[in-house]
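Student: Top line first, the protein sequences correspond to chains A and B.
Last residue of the first sequence: 473 (the working numbering), numbering continuous.
Last residue of the second sequence: 473 (the working numbering), numbering continuous.
Hints were generated in silico from the structure; no laboratory data involved.
Some clues are possibly wrong.
In this list, chains with the same sequence are indistinguishable; a pair is considered to hold if it fits within one copy or across any two.
[Claimed, not checked] Listed below are the simulated BS3-like cross-link pairs for lysine-lysine, each with C-alpha atoms no more than 30 angstroms apart in a straight line:
hint, residue 1, residue 2
1, Lys245, Lys364
2, Lys277, Lys449
3, Lys277, Lys230
4, Lys245, Lys449
5, Lys230, Lys364
6, Lys231, Lys245
7, Lys222, Lys449
8, Lys449, Lys469
9, Lys231, Lys436
10, Lys222, Lys436
11, Lys245, Lys436
12, Lys364, Lys277
13, Lys222, Lys469
14, Lys449, Lys230
15, Lys469, Lys436
2 protein chains.
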Amino acid sequence: MLSQNQVKHITALGIKKYREEYLQFIAEGHKLVTELINSDFTVAGIYASAEWLVANLPMIRQKNIPVFETLPREMERISALATASPVLAVVDIPGLTPAPPGVNPATGLILALDDIRDPGNLGTIIRIADWFGIGTVLCSESCVDQYNPKVVQATMGSIARVRVTRCSLPETLSTLDGYPVYGAFLEGESIYDQPLTGQGVIVIGNESRGISQELEPFISRKISIPSYGNSLSGKAESLNASVATAIICAEFRRKGINN
Amino acid sequence: MLSQNQVKHITALGIKKYREEYLQFIAEGHKLVTELINSDFTVAGIYASAEWLVANLPMIRQKNIPVFETLPREMERISALATASPVLAVVDIPGLTPAPPGVNPATGLILALDDIRDPGNLGTIIRIADWFGIGTVLCSESCVDQYNPKVVQATMGSIARVRVTRCSLPETLSTLDGYPVYGAFLEGESIYDQPLTGQGVIVIGNESRGISQELEPFISRKISIPSYGNSLSGKAESLNASVATAIICAEFRRKGINN
């Protein structure tokens, strides 16, 4: 049986204010929880069904994580999902750590997100970064919180591997003098006509307003995804932010592999 | 003032059973509603604020659409969105019409979706098809209903232009003998090593299980998006279904443009 205080603490972590107060977030489901357990994150507690605990005991013991057997009706109370899964982890939000290899634009690609508001988009972008081996995602301070439960779930475990950092983008980009900063615009040069390399920063703008004006001075190349619409019937005006990110990252990697 | 019956009718259209009974669906927001008004769809009624009606009167008059001035508190009752917009349209579900140009794999690309369950994914895929000039999306009968309000909203208006047809995929694919049928797999040949053309069918599978076994015999080429993970830290196991669709469609179009 969980105590009232435990239930209150865990459900509070659905709210940003309390995540910032307790410096913890929640993650649910077998895949996501096991990836976090086996990552650099510190898992503060596991709330799970008896079956899950029995099946995963060696892993939990090895990591010395406090576990709490949780009944299905208790899982329903603490879960942020429509349908609770058999396991929920409370995870510590890491403090600022020295930049790992890959943060430096001299040695790789960085994604910089300007005011991404939709939790599903941010989570999906973190998953895309992971797929394409981009180790660092910079988020403007106006982006949705990366520890929002919907973001964490949408990463499908990639949050355990991709370093997501909130910062002032103008400040950070101003320190990257000499590296290419690519900005995704509806009106830019085709990504297929650009000499994209494996170095630099890719800036992705807000879902409806695109890249903010204050960032434009830092953009060295405006890039675009060509559309292929039938001019008779009109066409989509834009692509979803995470979809655009995926196409751009794929093209950077294709050029890197094939050229 | 809307009548109780109007409110009941509109809210019922959030449920598949009633959409199939009334052969109508709802769409909300200025952009989506105006794109539907200016499309081949028949808009059966517009429910909007006085301001919206005044601003858009010429368009509505021209199309002879019944309009109902709706108070904000009434909009909240009929809306399927978290925050109601100033306009909601009730739209007739079209009957089967002769296939428009582009349905034939001899003259273009077709997307075939096998068991896509997430409404956001289906809506985003319809938007991607529109961007890349793919006029036809075939959905297996197990896919989420394309007239589900969440799907309609996620298309951002592209549902007005892309023909979405539910059918038995094995039956339909078996009639397309002689055309390439590409299937997206985690283990396939790299899309970058394939002679992709502007003709054929691209099959996208379920979010967690991929392409079903019963479709495999119809697939002539298994294709894959190369990942670029850091082998030390592991990597994402897969990409979201709509993200994978976007990268594949972009590569088909790139090859078509540049080769």
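Student: So, for every hint listed, does it hold in this structure?
Tutor: Hint check results:
Taking identical chains as interchangeable, the C-alpha atoms of lysine 245 and lysine 364 lie at most 30 angstroms apart whether they share a chain (15 angstroms) or sit on different chains (27 angstroms). Proximity of lysine 277 to lysine 449 under the C-alpha cut-off of 30 angstroms is restricted to the inter-copy arrangement: shortest distance 21 angstroms between copies versus 53 angstroms within a copy. Taking the shortest alpha-carbon separations for lysine 277 and lysine 230, only the intra-copy value of 27 angstroms comes in at or below 30 angstroms, while the best inter-copy value is 47 angstroms. Taking the shortest Cα distances, lysine 245 and lysine 449 sit within 30 angstroms of each other only across copies (13 angstroms), while inside one copy they are farther apart (38 angstroms).
Taking the shortest Cα distances, lysine 230 and lysine 364 sit within 30 angstroms of each other both inside one copy (12 angstroms) and across copies (26 angstroms). In this assembly of identical chains, the alpha carbons of lysine 231 and lysine 245 lie at most 30 angstroms apart only when taken from the same copy (27 angstroms versus 34 angstroms across copies). Taking identical chains as interchangeable, the C-alpha atoms of lysine 222 and lysine 449 are never at most 30 angstroms apart, the minima being 48 angstroms within one chain and 34 angstroms between chains. Both within a single protomer and between protomers do lysine 449 and lysine 469 lie at most 30 angstroms apart by alpha-carbon distance, with minima of 28 angstroms and 20 angstroms respectively.
Taking the shortest alpha-carbon separations for lysine 231 and lysine 436, neither the intra-copy value of 36 angstroms nor the inter-copy value of 47 angstroms comes in at or below 30 angstroms. With identical chains, the CA atoms of lysine 222 and lysine 436 are never at most 30 angstroms apart, being 47 angstroms at best within one copy and 49 angstroms at best between copies. In the homo-oligomer, the alpha carbons of lysine 245 and lysine 436 lie at most 30 angstroms apart only across protomers (26 angstroms), although the nearest pairing inside one protomer, at 38 angstroms, exceeds that limit. Taking the shortest Cα distances, lysine 364 and lysine 277 sit within 30 angstroms of each other inside one copy (26 angstroms), while across copies they are farther apart (41 angstroms).
Proximity of lysine 222 and lysine 469 under a CA criterion of 30 angstroms is satisfied in neither setting, with 50 angstroms inside one chain copy and 55 angstroms between copies. In the homo-oligomer, the alpha carbons of lysine 449 and lysine 230 lie at most 30 angstroms apart only across protomers (28 angstroms), although the nearest pairing inside one protomer, at 38 angstroms, exceeds that limit. Proximity of lysine 469 to lysine 436 under the C-alpha cut-off of 30 angstroms is found in both arrangements, the shortest distances being 17 angstroms within a copy and 22 angstroms between copies.
In this structure, the hints that do not hold are numbers 7, 9, 10, 13, in rising order.
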